[in-house]
Amino acid sequence: MDAALRKLTADGTVHNLAMQWLGADNTAMEADENALESLGKIPRRTLIVGVNESCFPLSYYDGEAFAGFDIALAEAVCKELGWRVKFQAVARSDIYVQLTSGNVDCIWGGMPMDDINLDEKGNEKPMSQQLAVSEPYLENEIVLVMRADSDAKMNGATLMMDSGPQYIDALERNNLTGRFSEVQRVNGGAPQCFEALNSGQINAILTDSVALAYYTK
Amino acid sequence: MKRTRTKSCIALLLCLCLVFPLFGCGKQVGNYKIVRTLGEESYCIGYRVGDQIAL
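Sequences listed follow chains A and B, in order.
Residue numbers for the first sequence, in the numbering used here: 1 to 217.
Residue numbers for the second sequence, in the numbering used here: 1001 to 1055.
Note that these hints are calculated values from the structure, not bench results.
Hints may be right or wrong, so weigh each one.
Think about it this way: if two alpha-carbon atoms lie no more than 25 angstroms apart in a straight line, the pair counts; the simulated DSS-like pairs of lysine-lysine are [stated by the list, open to error]:
| hint | chain 1 | residue 1 | chain 2 | residue 2 |
| --- | --- | --- | --- | --- |
| 1 | A | 153 | B | 1033 |
| 2 | A | 217 | B | 1033 |
| 3 | A | 153 | B | 1027 |
| 4 | A | 217 | B | 1027 |
| 5 | A | 41 | A | 79 |
| 6 | A | 79 | A | 121 |
One chain only, chain A, in its complex shape (with noise of 0.2 angstroms):
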């Protein structure tokens, strides 16, 4: 899968994939042209893909199928290794279980892995139970926003974000969890966020720059 994707780089697919998906291309992949030539034959297979479904624009389930740009990134990847892909929704917490078990074969799709080989209190897991992590491919940061026209103070504004753990995370970490009206925790992610916000039915919203990417290309 490395070298396909470095192939991909290298023909503007990852590029042409970001401008379509993220409105700019901040992937940080290597490019190669004659990445695959070294593997030789590729056995053909089904590659099972665990995805986050809510993490819009990456990857999300739009009522029919997955889509966004992680998963037209794993199609393209998998075209290339003349490979099957199938999706599968699998929650933050269970990326380790998932993939031991052999449910999926890899996890690709809104999925940050920064602390996935650490243990509760920060420190390395065994070698036995960490997974391996390719080099990270897509930066992003957890941002608070409003719309630009609005006068409203971040003290005492009504906040909206998604149900994932990471956003209430980031928020205790910066110690504004009081500084708000409401805090609203939705299972829509970004684009129920973005609606409220542009109906103004919400002052703020805690979200990813991705999607901020997206809503604003």
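Given chain A's structure and the hints, the job is docking chain B onto it.
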């Protein structure tokens, strides 16, 4: 000399007046403004250790 210094002070004050309202507004991106950045994360692909599909 004194007049030049006065003009410099006025120019500096005008610059500060222009810049101060921008503090606290955050960075504007299209129709939105980023009030604060609360964290950073890296998206990666996770595999089983030693799995050949990663190559």
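Against the structure, the hints:
1. Taking the CA atoms of residue 153(A) and residue 1033(B), the gap is near 12 angstroms; set against the 25 angstroms cutoff, the hint holds.
2. Proposed proximity of residue 217(A) and residue 1033(B) is supported: the alpha carbons are some 14 angstroms apart, at most 25 angstroms.
3. Distance check on the hinted pair: residue 153(A) and residue 1027(B) sit about 15 angstroms apart at the alpha-carbon level, within 25 angstroms; holds.
4. For the hint pairing residue 217(A) with residue 1027(B), the CA-to-CA distance comes to about 16 angstroms; that is within 25 angstroms, so the pair holds.
5. As the CA atoms of residue 41(A) and residue 79(A) are separated by approximately 15 angstroms, the hinted pair is consistent with the 25 angstroms bound.
6. Between the alpha carbons of residue 79(A) and residue 121(A) the distance comes to roughly 41 angstroms, so the proposed pair goes past 25 angstroms and is violated.
Of the numbered hints stated above, the single one contradicted by the structure is hint 6.
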